[in-house]
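Build the complex from these two chains, which are given one at a time in their own frames, with help from the hints.
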Amino acid sequence: TQLLEQSPQFLSIQEGENLTVYCNSSSVFSSLQWYRQEPGEGPVLLVTVVTGGEVKKLKRLTFQFGDARKDSSLHITAAQPGDTGLYLCAGEGAGNNRKLIWGLGTSLAVNP
Amino acid sequence: ETGVTQTPRHLVMGMTNKKSLKCEQHLGHNAMYWYKQSAKKPLELMFVYSLEERVENNSVPSRFSPECPNSSHLFLHLHTLQPEDSALYLCASSQDGTGGGRLEKLFFGSGTQLSVL
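As given, the protein sequences belong to chains A and B, one line each in that order. Numbers 1 to 112, taken from this note's numbering, label the letters of the first sequence in order. Numbers 1001 to 1117, taken from this note's numbering, label the letters of the second sequence in order.
Treat the hints as calculated values from the structure; they're not laboratory data. Treat each hint with caution, since some may be false.
Once the Cα atoms are required to be at most 25 Å apart in a straight line, the calculated DSS-like pairs of lysine-lysine come out as [as the list claims (entries may be wrong)]:
#1 A:Lys99 x B:Lys1041
#2 A:Lys56 x B:Lys1040
#3 B:Lys1105 x A:Lys59
#4 A:Lys70 x A:Lys57
#5 B:Lys1019 x A:Lys99
#6 B:Lys1041 x A:Lys70
#7 B:Lys1105 x A:Lys70
For reference, chain B alone in the conformation it holds in the complex (with noise of 0.2 Å):
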């Protein structure tokens, strides 16, 4: 497999429940990102990731938990959700950890189209 990959594509989850997003690349880059995509919305960076570490981490509520074991694979642990937080959630690597813009590239993963009732 080439590129970012995450699972999985689709979630439906009950308020109460836990489930953990999966987000694996295969370019060899030391950074990864979670970014949420929402309608009306503008994507909003969530976490980064730069060699393991975290680096940013935008006033996400706590109910959304990430880890990053090395540098190919970031995990996103969701708990007690609540329906607002329904959304696309792209996964994103890139070489270096700038976030991208004219030194880097970022590239994204297909997303979890995420439901929660």
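For reference, chain A alone in the conformation it holds in the complex (with noise of 0.2 Å):
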């Protein structure tokens, strides 16, 4: 069973911090997704991850894959309020098992 794990699970800061959230399996995906949730509302995609060591920004976000396609980082550099929110990441299987993998989340808090 292809399980990811994210770390960590809660985490709090000042506005203005960076930050790096960590998304892990022992199993190899096609490609991983990272989605935002805020309070109320459903998951909305920020990024698609797909080669080895690729690295992809948006903005003040930065997502890595990992070099074996097992692993990914979200880093947010100046952390600001509209950051808050659960941040998903879901793996597609590898071959022909495309379904997603879906982690528990990282809910994240940025304080004023």
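Structure representation (structure tokens):
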């Protein structure tokens, strides 16, 4: 069974700080997605990474896919209160199994 | 309206009630999904419809009954639910029904927060 572990589970920081959250598995994924879910809303796709070692940037957010395509990280620079939310990663199975495997998420609170 | 719209946003029901959740997508997509989001559990895919045909049913109890009358509308009919069914029920849509991933994006609605008493 493929599992995705996200860490930390909760994170509370001050505005302006930097942070990194992680998504780890022992399984290989053909792609990995990061979503942000704000309170009272559904998840919104932020990025999809496909190639091992790939780095993608979205304004202050930097996403990296591990070389072996088993893990990923999300780094936020100078966090803003608007970054508050639940960050979910979802891995797409390799080979014929293309189902999305979801992590439990990292709940981030950025305090003004 | 744009995107994926779910109604109601909140629902409280007794174990003997019958209720329905509604989802409508305005994106011209061919596939729609029901997900369950519970505390301390990953998102659980319940049902997938592609071109109005159910293509996936992930061992969901029969007290949950989906209906997809056309590619823009999806319902989840609920009856004799249990307290452990309390959760956020999310509807999503995508272009072709491959379930999200590198080939297509999933677009989620805001969800229905369901409480079963």
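We went through each hint and held it up to the structure:
1. At roughly 17 Å between alpha-carbon atoms, A:Lys99 and B:Lys1041 fall within 25 Å of each other, so this suggested pair holds.
2. Annotation: proposed proximity of A:Lys56 to B:Lys1040 is violated, straight-line Cα distance about 29 Å (limit 25 Å).
3. The suggested pairing of B:Lys1105 with A:Lys59 holds, with an alpha-carbon distance near 20 Å, which does not exceed 25 Å.
4. Between A:Lys70 and A:Lys57 the alpha-carbon distance is near 19 Å, which keeps this suggested pair within the 25 Å criterion.
5. Among the hinted pairs, B:Lys1019 with A:Lys99 is inconsistent with the structure: their alpha-carbon atoms are about 29 Å apart, more than 25 Å.
6. Distance hint between B:Lys1041 and A:Lys70 is fulfilled; the C-alpha atoms sit about 20 Å from each other, no more than 25 Å.
7. At roughly 21 Å between alpha-carbon atoms, B:Lys1105 and A:Lys70 fall within 25 Å of each other, so this suggested pair holds.
Checked against the numbered hints listed earlier, the structure breaks hints 2 and 5; every other hint is satisfied.
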